[in-house]
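Chains as they are written, first to last, in the numbering used here: chain A, 1 to 128; chain B, 1 to 223; chain C, 1 to 512.
The set of hints was computed from the structure by calculation and includes no laboratory data. Keep in mind that the hints are not guaranteed to be accurate.
Capping the alpha-carbon separation at 20 Å, the derived lysine-lysine pairs in PhoX-like fashion look like this [as the list claims (entries may be wrong)]:
hint, chain 1, residue 1, chain 2, residue 2
1, C, Lys22, C, Lys117
2, B, Lys55, A, Lys86
3, A, Lys27, C, Lys117
4, C, Lys126, A, Lys27
5, C, Lys88, C, Lys145
One-sided excerpt, in silico: chain C residues whose CB lies under 8 Å from chain B [stated by the list, open to error]:
hint, residue
6, Ala452
7, Cys454
8, Thr456
9, Arg459
10, Cys492
11, Lys495
Note that beta-carbon positions come from the ideal geometry of N, C-alpha and C, so glycine has one too.
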Amino acid sequence: MDTIDKIAVYCCENSGLLAAGPVTDRKILDSIEIMKLPCSGKTEMGLILKTLEKGYAGVMIVGCPKDNCQFIRGSHRASKRVDSAKEMLAAIGLDPGRVRMEFLSSVDSHKFVKAVTEMWESLKIATS
Amino acid sequence: MITAVQKPFDEIYEMIQGYKKILVLGCGTCVTVCMAGGEKEVGVLASAIRLANGKNGIEMDIAEDTIERQCDREFFDDVKDKIEEADAVLSLACGVGVQFSSEVFEGKRILPGLNTKFYGTTLEMGVWSERCAGCGDCVLETFGGICPVARCSKSLLNGPCGGSQDGKCEVDPENIDCAWQLIYDRMKSLDLLDRLEINEPVKDWSTGRDGGPGKIIREDMTL
Amino acid sequence: MSADKDKTGVVLCNCGGRNFKKEEIKSLQTRLQFSSGENLFIQSDALCTKEGAASLKETMSKKGIKKLVFAGCTAKKSGETASFIAEKCRIAPSNILEVTVPAATPEGEKDSPFGMKEELIRSVVKGINKHIGILEGMETFATKKVPLHQGVLVVGGGSAAQAAADVLTGRGYSPILLEKEDELLSLQGQVGSFTATLSTGGGVKQADCGAVILASGFSREKDAWTSVTSRFASPHLVPLSKLADAAAELPRIPSGRSVGIVLDLDVDEGKASSETACRTALQLQRQDGLQVYLFCRDIRVGSLPLEELYDDARDRGVVIVKYENQIRISGTNGTTLLSCTDAVLGNPIQVACDLAGISLYGVAAGGDTRLSEITGVDLDSLGRLQGNNIHLFATGTNIPGIFVAGGCRGNVYPPEAEREGRAAAGEVDLLLSQKELKVELSEAKVDADKCALCLTCIRACPHNAMKINREESVAVSVPEVCQRCGICAGECPAKAITLPAYTDDILLAQLG
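Could you put the whole structure together from the sequences, leaning on the hints where they help?
Written out as C-alpha cells, the structure is:
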C-alpha cells in the first residue's frame, strides 16, 4: 500500500469548505487534500475506509455544529459514521485517531487550522 | 424478515486466514434491510480486511459482489465465475444463504460472515425486535396477536410466571417486556379477556424445529 | 453511473488584465489537463458583465461546452459569479465549479501569501485540473419547471394565523384559514402541489395549495398540567390561568393568605408569561388579605408596557424572587412549600403558600405530535414545531413549503406572534410569486434493481423528499423537495442511491 503523507479532509460546503477558504498557511494546505461534500451527512464508512486504503495518513470529516446543520441532521449522522469507523479501525488494529470528526461553522478558520494541527500531532505520536 | 448481525471482525479475520483469494458476497434482501450484509456492508468489510492485511503484511486478493438473494439458485449465475475463482467465499447472507451457496457450489469453502438472529420487525430505524419463532402452528388468534412462543422467554401458554414484575420479564427487566402482560393488556382492549381462562393444551412442538428440519412441498406448483 | 460526452471547459477571468500577464496565461493554459486532449480554455477580461457573459455563452456553444470550471476573482461573494454565469449561459448550477484566484500581487511582494507569481499559477492550475476531473465525471444536468399552485393553507385560530391570512389576502392570495388544527386530517404532496384533506362542517373535502403556514398556537396545556399533577402531590396547585378564580374562592383569615406564582418550572419562559404573571400578581395583590410571591428564573420585561407593569406590581407589594436552577414544590399540611435559592445572594428561600399557580408554558411535557406526524415537521425537545436549528429561524421548517409562526413554535407573546405570522406570509409570497420553480435535475437517484425498499432513505431524509413509487417498487426522490444533501446516499444499505454531483467515483478520483 502506498502511503500518502496527507490528511484527506472531507468538507461540508456550508461550513468546512468556507472555513478552509481563507487559510493561507502553506504548511497546513500542503498537508491536506480537501474534498467537497454537499453535507457531512454524505459521509459513509466505505468512503472513509477506501480513503485509508489509498494510503492517506488520516481522514477528517468537517461538518456544521450539531444543532446547526443546514440539513438538520447531516453532521449528526456523520459523527455516528466516524464513531463506527473508529471502532472498525480499533478492531483491525489500526489507530482510531486516523479518523476524526470536526464540528465547526463557516467562520471558524482558526478552528480548522487547529483541528488539522492537532490531528497531525496525534498521528505522529501514534506512529512514533 | 430474517435479521442478522455481522460477526466480530477478529472472528471473521481469523476465519479467512490461509486463503489467497476471497470473495466477499453480499445479499440484497433481508440482510440488506437489517444493515448487516448488503452491498454497503460488503464494501466496508472488504476494505477493513484489506487494511488489516496491509498492516499485517498478508497478501490476499479480496473481491466483492452482491446478489439479490443467496437462497435461490438463479441469482448465483451472475457471480458464478467469481465464486469459482475464489479459494473461499465469505458470505454475508443469513444462515440459509451460506448453506445454499455451499450446496450450489459443491466443494467450495463458504464462510459465514454473519450471525443469524431471528424473524423480526423494524421498530424504528436501527432497531429490530423478535416476533416469530416459526413454530409451524400459529396460535396468534388465541393470544390477541402477541406470540407467547416467541415473546415469552419461557414460551408459556397459560399465563405469566412469577418473574413478571411491572410488566417486565425477569430475564432482562430493562429490555424485555413480559409477553403475558402484553397479551393480557391486548385481550383486555379487544374485550376478549375471558378467552384467557380457557386452558391452552400442550403444544405439538413437532410442527416446528422440534420435529426435525422442515420441508414444504406444493404439488400444484412443481413443474 | 456514467458521465456523458458533453465537454468540460475552463474560463479564466483576468479581471481586465489585472491578474496575469499574457505569458503567464499561456503558461497556465498549457498545464491544464483535459481528458480528451482538446484544450478547451477560454479567457475573459470581464466575466461579471453582461457582455462578458454573452461572449462566453457564444464561445461555449461554438465549442460544445456544457460544463465549466470558472477561475476568477473574489470580488463577488463566493458563488455569486458562478450563479450569474449559470443563469446567463444556461448551464446547470451544479455543472459549474469555481476556483478562486487570489487578488493580483506584484511579483516578489513579501506579504503576499504566494510570494512569487509561479507558485500562484501552480496552485490555480492544480485547482482547475482537480475541478476538470470532477466535471468530466459528472453528468450534464437538465432543468425541470415545476408549477407552484397559488393556494395557501393557514392552520390556526389565533393572532399569528390571522395576521398571516391578512397579509396574504392583501397580496392577492386567497388563503384557506383552518381555525382548529384538528380540521386538518392529512397533508399529501410537496411544495407547490400539496393536497390537504380537511374536515369542515358536515363533511370531508380536499384542498390544493402550494404552501402551508402552521400557526396553531400552544398545544401542550393538557399534557403540561398532567405532568404537574403527577409530579407534585399538593392539592393547592392550579394552572396560572386559573389562579385568579381559585384565589377568589380562598377564605380570608386575619393573618392573611400567601399566594405563589411559579414561572420557568422546567424551561425558561418568555414575555407572555411575564406579562400574565405580573398582571395576575398585581390583580391579586390589590385585594385585601393576600400577599403574592412571584418566583421566576428571569422576568422578561423588554418593552415599555411590560416594564411599567412590573414596576406597578413591585410598588404594590408583590414579592418577586429570582431563583437559580430549579424551584422545588412540596406539600405539607394545608400549604404548598415553594423552595429555591436566590440567584443573586445565593440564600435559600422558602415560602409556604396557601395557593400556587404554575405557568404551564414553563412545563416540559407533551408536544404537537399530531401536526408533526401529518406534516413531517420536526418537533424540538419541548415538543414545539420547527426544531432548534438556526437555519430554520424564524419561520422555516425542515419541510420545503411549510412554515410556522406563533405559539406552536413557542412564541405566545401576541405582538411577536403576529409579527411571525406576517413574516411567514412574506416567505410564502416570496416562494409562490415565482409562479414556477426551475429545478435542476441533480436530485438523489435510486437504482431500482438494487433498491430493497428497506425504507431507510425515507426515514433518514430530513425533508421528506423520498417517496415510494409503487408501480416500480423503488424509492424516488422528488426533485423540487430534495435538498441534495446526500444523507440518503450515505445511509442506503444497498448502495442503491447516488447523488449525481457527488458520486463515489467523483469523490475517489480526487484522492489520486
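Numbers of unmet hints, in rising order:
none
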